[in-house]
Amino acid sequence: MQLLAQVAASGVLLGGLYALMALGLALVWGVLNIVNLSHGALIMIGAYTTYYLFTIAHIDPFLALPITAIVLFVIGYIIERGVLNYVIRGPMFNTLLITFGIEVILTYLAQFWFSADFRTINPGYAGANFPLGGIVIPTVQVVVFAIAIGLTIAMWLFLLHSRIGRGIRASAQNLVAARLYGVDPKRIYALTFGIGSALAGVTGGLYGTVSQINPYIGGPLTAKSFAIAIIGGLDNPLGVIVGGLVLGLVESLTALYFGSTYRDVASFGVLLLVLILRPSGLLGRTT
Amino acid sequence: MSRFAVFLAALTFTAAAYAQTITFGASVQLTGPVANTGRYYKDAYEFAIDKINAAGGVKVGSSQQKIALRLLDNQSDVNLSVRQYTQLLSQDKVNFLLGPFASNFVLADSSIAEKAEVPMVQGGGASDEIYARGYKYTFGTLPAASDYFGSTIDAMAKLNPAPKTVALLYADDSFDVSVAKGTRELLKKAGMQAVIDERYSTNASDFSVLLSRIKSQNADAVLVAGHETEVLNFVRQAKSLGVNPKLYSFTVGVPSADFRRALGKDANGACGMTAWLPSPSLADQWFGDAEKFATAYKAKYGYDPDYHAAAGVAAVEALVNAIEAAGSLDHGKVRDALAKSSFESLYGRIAFNEKGQISLPQIMIQIQNDKVVPIYAGKGFENKLEYPLKPWGQR
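Line by line, the protein sequences give chains A and B.
The first sequence begins at 1 in my numbering and counts up one residue at a time.
The second sequence begins at 1001 in my numbering and counts up one residue at a time.
To be clear, the hints were calculated from the coordinates, so they are not data collected in a lab.
Incorrect hints may have been included.
Quick look at which bits of chain B chain A covers, simulated, 3 or more residues with Cβ under 8 Å [as the list claims (entries may be wrong)]: (1) 1125-1132; (2) 1154-1165; (3) 1226-1234; (4) 1240-1251.
Even for Gly, the Cβ is constructed at its ideal location relative to N, Cα and C.
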């Protein structure tokens, strides 16, 4: 029983990180209709940014997250304005191709600049934990979970209530009408992509504290974010919380009852089920 | 007429100059997810070949020839490495082959060498599967995967109190499956019970479930056969989940400097194994001894060599030694000379069994105070093992 509780707790905490991972991808996909295949590479760049802020400037990783967010926002803004904007109205295949190209470029630039050596963001408190009713809760993972949920809810409120947020939603729903209301699509698109990249960057910084960093972590993370975004549904930003938690729990419980090699089978199995039974995602509208 | 003679002489001279070089070809992971370890092989091959060339090169019959290295980057992609070895043989027409890193790569690439009947000496694959196919042209300087935990389990049996329950975790690739197969037998023979014997997917980043099970089963010792990324995650998550086995040992990472650096103080206490330590007692024809080699290597490349680099150098030396013994570049003659190899090098005694694999004991090591300390090599405890490990919170 205690083992089940521990595994369930681990699954929930993992789900929080998963949610944040997918948030940037879901935002960009839902609004710009761009499936950003370089999402994982942006997470990787965010991880390295936080790593170097920690090791060279000695800034605590959690305090370095806002700086990482700004750096990645700028990078994302430039990528969208300078590259993606030219293909955004074209066939989807072009954006897939270009974002894939960006992923390759970012990955191999990272290999070139940072080498393939593993890095970890290892502040003194990295292994801390506290007991809770018989199970052990890793402190850092709880903070990651809180930041992830907090940012997701903040994003939801931002999209719902702020002027820019309404502009973003308007552009996604009906671009012509939005332009009639004075929304500048170039600015809105770049802003949205910048926010998505900033979220990826924050994920990277957090990922580096619980796992390890190397130039090649991007690919699998993009695939996972993709699955979570679909499972949760793209219409509602809170969908990634549902998607992340579902996936985190399913993976952990599968590993406990069926064996660790079945984790990926289970997570992509859930993806398949969602696509068959509820294609717009668990929180998506069924129209 | 005289101009033609000069032209002819120049042509012959150039042709002769070309004939003076032996080319070794290799496809190594210089980029991609395992580039971290692949670079040991690039640096080792280049270092060894430069040293041998500086000492005069290779004596082939009555002439001295230099070695050239044709190295390709397979981007950590097995399929690309197969195509590159095919290219090295058919297009670049190299004389002999050196291997890539990782057993699953060697498994695929050695088939190319076997089909073309060109000797390949590799220091990157230890899996028993490589040598179970009856290949004649593949030789390896890494000892058998199934025996990787041999000296560790020997040492464990001699501890007081000896660990009784063991958790065995392994990734799902050729090398680690081979290690697990052999380790199961060794554990049975030693009378230890494997309370957890579980395979996990390569590149797994979340070990919390396995760690929770280890904790609930109260396993005395944990043996993990996996990749450096996985072992890194395993150690960090063991700390954050408060899982405290009395001993844990990994097939990778512990001998490598950047692994220890990534974990910092959390690396202390971790056990591993290596077939090679830079000891001055390992004399070498070109480098003096293993200790001098390690110092020179670090001075040139900026990082300490581990057994991957030494195995790479051993592969080059084995080929050179075989060419000199055969007195020719004929593939069949060199292959036979390789099979009969027997010489001392900075890597130890180079000799291959009838299947083509070297036989060297693994030395059990432990990280103590950020340094790699040899613990047990089959005879007695060379240094004291830190056992049982203090719980994470008390270190």
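- So which of the earlier hints does this model not fit? 1, 2
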